[in-house]
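J.: Protein chains in written order, with the numbering used here: chain Y, 1 to 364; chain F, 1 to 364.
What the hints contain is simulated information worked out from the structure, not anything from laboratory work.
Hints may be right or wrong, so weigh each one.
A short, non-exhaustive set of chain F residues, derived as facing chain Y with CB atoms under 7 Å [claimed, not checked]: (1) 23; (2) 187; (3) 213; (4) 216; (5) 224; (6) 227; (7) 232; (8) 233; (9) 240; (10) 262; (11) 265; (12) 269; (13) 273; (14) 276.
If you want a taste of the chain Y side facing chain F, the calculated C-beta under 7 Å gives, among others [unchecked claim]: (15) 147; (16) 149; (17) 191; (18) 211; (19) 224; (20) 228; (21) 248; (22) 249; (23) 265.
Virtual Cβ for every residue (Gly too), placed ideally from N, Cα, C.
Number of protein chains: 2
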Amino acid sequence: MRVAVLGVGLIGGSIGLAAGRRLDAEVAGFDRDPATLARAAELGAVDRAAASVAEALEGAELVFCAAPVGALPALVGEALERSGPETVVTDVGSTKRGLLAAIERADGAGRFIGGHPLAGAETSGVEGAREDLFEGARWYLTPTERSQGVLYDRLQRAIAELGARPQAIDAAAHDRLMATVSHLPHVLADVLVSEAVDALAEESERLPEVGPSFRDTTRVAGANPAIWTDIFASNAEAVAAAIDRLVERLSESSRVLRAGQVEAIREWHGRAREDRRRLLDAELVGGPLSELRIAVENRPGTVAEIALALGRAGVNIEDMALYPAADMRTGAISLWIAGEEEAERAAEVVRELGHAVSPPEAGS
Amino acid sequence: MRVAVLGVGLIGGSIGLAAGRRLDAEVAGFDRDPATLARAAELGAVDRAAASVAEALEGAELVFCAAPVGALPALVGEALERSGPETVVTDVGSTKRGLLAAIERADGAGRFIGGHPLAGAETSGVEGAREDLFEGARWYLTPTERSQGVLYDRLQRAIAELGARPQAIDAAAHDRLMATVSHLPHVLADVLVSEAVDALAEESERLPEVGPSFRDTTRVAGANPAIWTDIFASNAEAVAAAIDRLVERLSESSRVLRAGQVEAIREWHGRAREDRRRLLDAELVGGPLSELRIAVENRPGTVAEIALALGRAGVNIEDMALYPAADMRTGAISLWIAGEEEAERAAEVVRELGHAVSPPEAGS
């Protein structure tokens, strides 16, 4: 099989590596940045570094467009224009509806099937490319009524062979889903940070310490501005709708608080606890997550000591958060472990190291 | 000095330990739960386990009320009633205005000075009590015009000797500040989780995978329901006001998105980046935080290996987040390191282990 990869950063490079080794494909690559393309060739992510999009497309049966969201309409359009009637073109962008609309009238639009792997968005650059980046990852595909069955079948098989779990989804549903679980958290982090800076400036001359809840909630504030501005803009309607629904919920919370309805507060907060557990459990194979709270000295080596002991005991850490105290010398560590037995074993291991552990608690 | 501690959980127990060792005080303790009180005595957190509040108060110059927020009005009232005119009474609750209002008409209300240490809220129970829990921690004090100078002076000195950094603040300002940096993030986590569960139930039969941004933003959703319901209720007006301001910001974001104002989106997102950096830098001694992104296999031992190597190199990890990929076998780790040189050294250490590291990037 001949595969073309247009854009060979982290995602494109990883597709190239996996396609070469797992699909036994001949991979032609192109990138607007010659240095990136050369490096991709050096790393074996592409077999052939093409001098143009057209050259990369020669004989390709499968084309991956792996550029930033804002650059995709033009790139996908060019790929469709310069490829033959048997070639399936896909992309890896975070939003789908705008792209589909943009290329709707292009010749061969029926050969485009949108794609979105939920992997690797947290690092960038071809240096991070890995053959196994997509192993086990959900990879959404957004076929339309115009999509040819034989092309969808080819794409879907290839995605599965790259190691991912393809799933077809309507483009609009995909965008609404991402608006809720990915884009909305980013918006919230942004507005919360800005609200805090403005509100606190009124209260005191210097900004006060913020707690671990603030740190966690705002960790993605202002993430990768170039990428995220494009994502927000390309999914504006769905994100705005998600914001509007959240505004309704927040207004109701505000009303309940002002009315002093303690039972309603308890119910809303308790429900959130259950809801988060359901969401996180949904994606786990090893059983529900348990949280271990460990009181520690926040000195070099403490995290290592704990993680190492757990590693020796064969316990995997699914998620972790550090809560340094104000002095940055003491604090707490939360570890999330999948499976109750695993969690109990982990608690025992940590206690044997002499740390105080809050008993494993179901959920998080 | 004689100190009484009413309620000897994590905070009360730690106050007892620190008062005994650092103030050379004789510490009398009381707790409604006899087992907790006995354990506190065993751990050396109290010198004398009293059979009643009155007995604990005998001869005390300084009284710490360390009960949950909802129990404080009655407890502080009793402490004022049963202690002499030279005794200063304080508390450690997360909100201050409601408590002050509740005891306003109590005899000796002028001897009460509210307190709130920003420490240790993330673990619970006397087992976690430590002498150094408050080392370097901000400890807000909320004197009023009725507070006697000599009592404030005694309290403030004692707090400093416990290792904390006392700071006087108006009770209403304190509650507004906490509403923004602590209570509001909890409300947001709650509503985001519930919104996601409802919205996603409409899109698909099973809940989809959620990304790292969702995990981070909702980590405190439904935290300690008993404690948090009380906190929300006791700071209802300030939290509602913070929610209302956030609703305005969110509505503006929604408007900007719908209007397709890409430059406004870029500006808001970029501003959030700057704002978070300012907030986090404000509390650091070691210089601005840098983030290192490390691509890893998410197997037992990886975190340990990295943390251990950094420990050997003398680099401390201020904050950490794991981003497991969908297969839970690969992923990325973010480390936040204080100080640019430290961060560069850390990146080098991690690279030497063979992991790909995104170049240290200022801010987070």
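J.: Run through the hints listed earlier and report the numbers of any the structure violates, in increasing order.
T.: 1, 5, 6, 15, 16, 19 and 21
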